[in-house]
Amino acid sequence: MVSLTERGLYCTAGDFYIDPWEPVERAVITHAHSDHLHAGSRLYITSAAGAPVVRTRIGAEASIESVSFGEPFTRDGVRVSLHPAGHILGSGQVRIERGGEVWVVSGDYKLDPDATCAPFESVRCHTFVTECTFGLPVFRWRPQAEVFTQINAWWRANREAGKASVLFSYPLGKAQRILAGVDASMGPIHAHGSVERYTAIYREAGVPMAATLPVTGQLAGALIVAPPLARTTAWLRKLGPVSAAMASGWMRIRGTRRRLSLDRGFVLSDHADWPGLMSAIESSGATQVWTTHGYRDAVARWLQEKGLEARSVETRYQGDAQEED
Amino acid sequence: MKAFADLYAALDATTKTNEKIEALTQYLKTAPSEDAIWGIAFLIGRRPKRLIESRKLAQWALEEARMPEWMFGECYSAVGDFAEVMALLLPPAATSTDLPLHYWVEQRMLPMREWDDGARRDSIIAAWRQMDERQRFAWNKLLTGEFRVGVSQNLVVRAIAQASGVDANVIAHRLMGDWQPTPEFARELLAPDAQDADISRPYPFFLAYPLEGAVEELGDIREWQAEWKWDGIRAQLIRRGWRTFLWSRGEELITDRFPELDAAGALLPEGTVIDGEVMPWKAGEPLPFAQMQRRIGRKELTPKILADVPAVLVSYDLLEADGEDVRERPLEWRRARLEQVVAGKAALVLSPVVEAASWAELAALREQSRARRVEGLMLKRRGSPYRVGRRRGDWWKWKIDPYSVDAVLIYAQPGNGRRASLFTDYTFGVWDKGELVPFAKAYSGLTDEEIREVDGFVRRNTIRTFGPVHVVKPELVFELAFEGIQKSSRHKSGIAVRFPRMAKWRKDKKAEDADTIETIRALLPK
Numbered sequence: 013m014v015s016l017t018e019r020g021l022y023c024t025a026g027d028f029y030i031d032p033w034e035p036v037e038r039a040v041i042t043h044a045h046s047d048h049l050h051a052g053s054r055l056y057i058t059s060a061a062g063a064p065v066v067r068t069r070i071g072a073e074a075s076i077e078s079v080s081f082g083e084p085f086t087r088d089g090v091r092v093s094l095h096p097a098g099h100i101l102g103s104g105q106v107r108i109e110r111g112g113e114v115w116v117v118s119g120d121y122k123l124d125p126d127a128t129c130a131p132f133e134s135v136r137c138h139t140f141v142t143e144c145t146f147g148l149p150v151f152r153w154r155p156q157a158e159v160f161t162q163i164n165a166w167w168r169a170n171r172e173a174g175k176a177s178v179l180f181s182y183p184l185g186k187a188q189r190i191l192a193g194v195d196a197s198m199g200p201i202h203a204h205g206s207v208e209r210y211t212a213i214y215r216e217a218g219v220p221m222a223a224t225l226p227v228t229g230q231l232a233g234a235l236i237v238a239p240p241l242a243r244t245t246a247w248l249r250k251l252g253p254v255s256a257a258m259a260s261g262w263m264r265i266r267g268t269r270r271r272l273s274l275d276r277g278f279v280l281s282d283h284a285d286w287p288g289l290m291s292a293i294e295s296s297g298a299t300q301v302w303t304t305h306g307y308r309d310a311v312a313r314w315l316q317e318k319g320l321e322a323r324s325v326e327t328r329y330q331g332d333a334q335e336e337d
Numbered sequence: 003m004k005a006f007a008d009l010y011a012a013l014d015a016t017t018k019t020n021e022k023i024e025a026l027t028q029y030l031k032t033a034p035s036e037d038a039i040w041g042i043a044f045l046i047g048r049r050p051k052r053l054i055e056s057r058k059l060a061q062w063a064l065e066e067a068r069m070p071e072w073m074f075g076e077c078y079s080a081v082g083d084f085a086e087v088m089a090l091l092l093p094p095a096a097t098s099t100d101l102p103l104h105y106w107v108e109q110r111m112l113p114m115r116e117w118d119d120g121a122r123r124d125s126i127i128a129a130w131r132q133m134d135e136r137q138r139f140a141w142n143k144l145l146t147g148e149f150r151v152g153v154s155q156n157l158v159v160r161a162i163a164q165a166s167g168v169d170a171n172v173i174a175h176r177l178m179g180d181w182q183p184t185p186e187f188a189r190e191l192l193a194p195d196a197q198d199a200d201i202s203r204p205y206p207f208f209l210a211y212p213l214e215g216a217v218e219e220l221g222d223i224r225e226w227q228a229e230w231k232w233d234g235i236r237a238q239l240i241r242r243g244w245r246t247f248l249w250s251r252g253e254e255l256i257t258d259r260f261p262e263l264d265a266a267g268a269l270l271p272e273g274t275v276i277d278g279e280v281m282p283w284k285a286g287e288p289l290p291f292a293q294m295q296r297r298i299g300r301k302e303l304t305p306k307i308l309a310d311v312p313a314v315l316v317s318y319d320l321l322e323a324d325g326e327d328v329r330e331r332p333l334e335w336r337r338a339r340l341e342q343v344v345a346g347k348a349a350l351v352l353s354p355v356v357e358a359a360s361w362a363e364l365a366a367l368r369e370q371s372r373a374r375r376v377e378g379l380m381l382k383r384r385g386s387p388y389r390v391g392r393r394r395g396d397w398w399k400w401k402i403d404p405y406s407v408d409a410v411l412i413y414a415q416p417g418n419g420r421r422a423s424l425f426t427d428y429t430f431g432v433w434d435k436g437e438l439v440p441f442a443k444a445y446s447g448l449t450d451e452e453i454r455e456v457d458g459f460v461r462r463n464t465i466r467t468f469g470p471v472h473v474v475k476p477e478l479v480f481e482l483a484f485e486g487i488q489k490s491s492r493h494k495s496g497i498a499v500r501f502p503r504m505a506k507w508r509k510d511k512k513a514e515d516a517d518t519i520e521t522i523r524a525l526l527p528k
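Protein sequence lines correspond, in order, to chains A and B.
Throughout the first sequence, residue numbering follows this note's numbering, covering 13 to 337 in sequence.
Throughout the second sequence, residue numbering follows this note's numbering, covering 3 to 528 in sequence.
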């Protein structure tokens with residue numbers, strides 16, 4: 013029902029692509045991260061919640077059709093619907109049904125709660141196409157409340173030492189999750205321009221988050237949320253004394269944190285960890301699983317040894333992985 | 003062990019020296035001495051011999067995690083640290099105890115030597131089950147013996163000095179030589195200075211930095227003493243209590259390996275310490291260092307090897323004379339005394355002073371280094387004391403420029419530690435009859451930015467893989483620098499080089515512009 017082509021995952025019967033990496037006639041988009049959304053397609057179909065984010069990334073003139081979660085539309089006898097993936101605002105899984113056979117393409121997802129988007133919905137299917145960004149058993153997340161307690165404590169200690177706290181995080185999704193999760197009573201929060209760009213959309217969508225200021229003026233004691241790429245720029249040096257940290261699933265590994273010369277690493281991911289992936293795969297009830305992104309070979313092999321029919325599929329859903337989560 | 007695990011995490015979390023010293027000082031002030039001394043021992047690299055094979059630890063961790071064997075390799079590629087992979091793989095512990103570090107080391111780790119594998123396995127799994135992730139990680143580090151955490155011995159010394167109020171040089175000296183991590187030693191270590199060194203204890207070595215900038219900037223050449231930079235084993239020869247001790251810089255007692263020097267020591271006056279370089283030496287000149295490696299490699303020192311590769315101590319400094327620590331005296335004074343002390347002892351060769359009236363003349367002499375089988379020159383300020391550790395200002399090494407060769411990246415594999423999950427370990431090839439033959443491996447010399455770029459290239463251009471090794475499209479050319487070159491039957495290219503590293507990424511060159519094996523053979527010593 014779905015095949016892998018040069019341009020991406022393609023549903024022949026319904027004649028549409030899912031997150032294609034080249035311009036196509038009709039693209040169903042799971043979410044607006046750059047490895048899943050490429051400009052130039054004739055028509056984009058995405059969730060109502062995700063449409064404003066998609067538009068910001070591919071331009072005002074793009075033709076975007078939005079559909080509500082759980083409300084199917086039919087194309088050439090194929091029933092298509094989107095279901096929350098819990099990854100970022102508006103992120104969805106794509107459910108495709110034809111003649112009783114059901115496929116679900118997960119896009120990126122997580123099972124942990126996130127105040128900024130609808131929670132992951134488990135959808136029963138025959139074939140589950142799952143992401144594997146953190147598909148190794150060493151990736152296991154602590155409850156998010158615990159991580160936010162750590163972030164607050166770090167910020168408090170820096171404030172007492174007269175330093176600004178710079179928290180690098182992916183500007184679409186992670187940054188907003190942080191703004192919704194930190195203890196905003198501790199002091200002012202500043203957002204880097206590229207974070208603010210998406211935060212504005214989240215605010216319009218009614219997501220409750222801490223107020224943000226531009227990164228100017230007195231910064232000692234403040235929290236500054238910035239994209240990982242700002243790490244190596246002159247921008248950082250102008251902030252005065254700082255403690256630099258990053259919030260990402262990759263912080264689970266000491267080597268990553270040390271390579272980036274960070275003072276702290278907070279293990280906070282918008283992707284499922286190993287137990288999360290396994291539980292999503294199991295509750296989908298799928299007997300066939302395609303694995304994409306990241307450690308897809310290891311996940312496929314693991315599933316095969318558990319008796320599932322699993323296939324590792326080479327997609328191009330991979331930006332700069334370590335900057336992305 | 004929570005305090006120790008937290009210390010490890012704190013040291014690991016920062017790159018700032020002050021914060022590391024602060025964390026260490028706090029630990030030393032609060033930890034009971036029977037724990038603190040183990041902490042110090044591990045941090046300065048004095049760990050007990052590895053008690054258990056890593057392979058077995060991995061197997062038990064996998065069993066406990068209910069994971070197949072292949073998963074360990076997958077996880078290791080992502081994590082790059084053996085102890086860490088195990089800590090992350092194990093299922094979360096049901097309980098978390100906080101037993102003292104010395105209990106874990108003395109009751110659970112050291113006795114393993116006497117146990118069979120079944121008992122070891124049970125003990126280690128029981129330990130894992132009662133430790134939180136941080137403790138497990140520290141515990142695994144103790145078990146695997148890979149205990150690097152970006153802390154130099156100097157830094158530990160400074161923290162001990164800060165915590166105890168004892169002078170750092172005294173602490174450094176007390177940590178040398180042979181000691182056991184007992185509470186008694188902890189008390190001695192932290193006691194006020196009492197001139198209490200045991201008789202075998204060497205002094206901390208004074209180490210030189212490479213010369214920065216032009217040699218003329220050192221000022222008047224008459225203030226400097228130049229010597230050849232010898233390529234041997236840095237060592238201190240100690241004569242005290244009518245016994246001789248030879249210590250390598252790695253703080254290994256190597257007296258047994260060099261009977262010639264043991265004998266020469268007996269000719270020294272009581273209370274003498276000489277700093278120098280153990281060298282293979284024959285007919286008044288050095289043999290290639292490879293000969294020394296041949297000798298070190300032997301279990302048994304046969305009369306033949308002793309005759310083929312005799313060793314001497316090329317002596318260049320005197321640290322103790324007539325039982326008195328003379329390190330604070332000026333080099334000129336020490337040198338004059340050294341000349342008297344070594345005179346007439348065949349196995350103690352005085353490192354000659356290289357005389358030159360000007361820097362230009364000295365630079366010209368430096369050009370003879372290769373022919374003399376030395377690495378270049380050492381420049382020492384005549385008025386300087388013998389300092390502790392690596393210091394700028396009084397001693398400089400002025401090495402000759404390395405050899406250099408343009409070679410093509412042909413294999414890559416992921417690195418360890420902070421370089422995990424990046425392709426950082428490379429094999430380079432040079433041309434041999436139209437084919438690229440592997441010639442050298444290199445891991446260092448690139449900036450983080452360049453490493454990321456090469457990493458991306460490897461991911462896009464892998465032709466095939468052999469385990470962790472990726473064979474890549476031969477396209478990137480690097481200028482490799484290395485210190486020495488010699489024939490080798492163990493290398494496919496027939497050549498082995500010393501200390502190869504990447505000097506420059508030659509983006510201006512194509513693979514076909516790289517050097518050939520003939521050009522490199524021409525560099526071999528005649």
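Source of the hints: derived by calculation from the structure; they are not laboratory data.
We put the CB at the ideal spot given by N, CA and C, even for glycine.
A portion of the hints provided could be inaccurate.
As the list claims (entries may be wrong) - Listed next, the in silico DSBU-like pairs over lysine-lysine satisfying Cα-Cα at most 35 Å (straight line):
(1) A/K250 - B/K347
(2) A/K250 - B/K435
(3) B/K18 - A/K318
To be verified - Negatives, chain B to chain A, calculated, CB over 10 Å:
(4) W72
(5) M73
(6) E76
(7) R203
(8) D264
(9) E369
(10) D396
(11) S406
Review point. Holds or violated: are the alpha carbons of B/K18 and A/K318 at most 35 Å from each other?
Key: violated, 47 Å
**Study point:** Claimed clearance of chain A by B/E369, with the beta carbon kept past 10 Å
**Key:** With a cut-off of 10 Å, B/E369 remains clear of chain A, as the shortest Cβ separation is near 40 Å.
Check your understanding: Against chain A, does B/W72 keep a CB gap of more than 10 Å to every residue?
Key -> It is violated; B/W72 is separated from chain A by about 7 Å at its closest Cβ, not greater than 10 Å.
Review point. Does the claim that B/D264 lies off the interface hold, with its Cβ farther than 10 Å from every Cβ of chain A?
Key: holds, 44 Å
Check your understanding: Since B/M73 was said not to touch the interface, does its Cβ keep a gap of more than 10 Å from each Cβ of chain A?
Key -> violated, 7 Å
Check your understanding: Has the given pair, A/K250 with B/K347, been kept, meaning a C-alpha gap of at most 35 Å?
Key -> Roughly 63 Å between the alpha carbons, so the hint for A/K250 and B/K347 is violated.
Check your understanding: Are the Cα positions of A/K250 and B/K435 separated by 35 Å at most?
Key -> Not satisfied, since the Cα-Cα distance of roughly 55 Å exceeds 35 Å.
**Study point:** 10 Å Cβ clearance of B/E76 from chain A
**Key:** The claim is violated: B/E76 sits with its nearest Cβ about 5 Å from chain A, within 10 Å.
Practice item. Quick one: work out the minimum CB distance from B/D396 to chain A and report holds if it exceeds 10 Å, violated otherwise. Key: holds, 32 Å
**Study point:** Status of B/R203, Cβ more than 10 Å from any chain A Cβ
**Key:** Given that every Cβ of chain A is farther than 10 Å from that of B/R203, nearest at about 35 Å, it holds.
Practice item. Verify that the Cβ of B/S406 lies farther than 10 Å from every Cβ atom of chain A, and report whether the claim holds or is violated. Key: holds, 28 Å
Hint compliance for this structure: hints 1, 2, 3, 4, 5, 6 are not met, and every other hint is.
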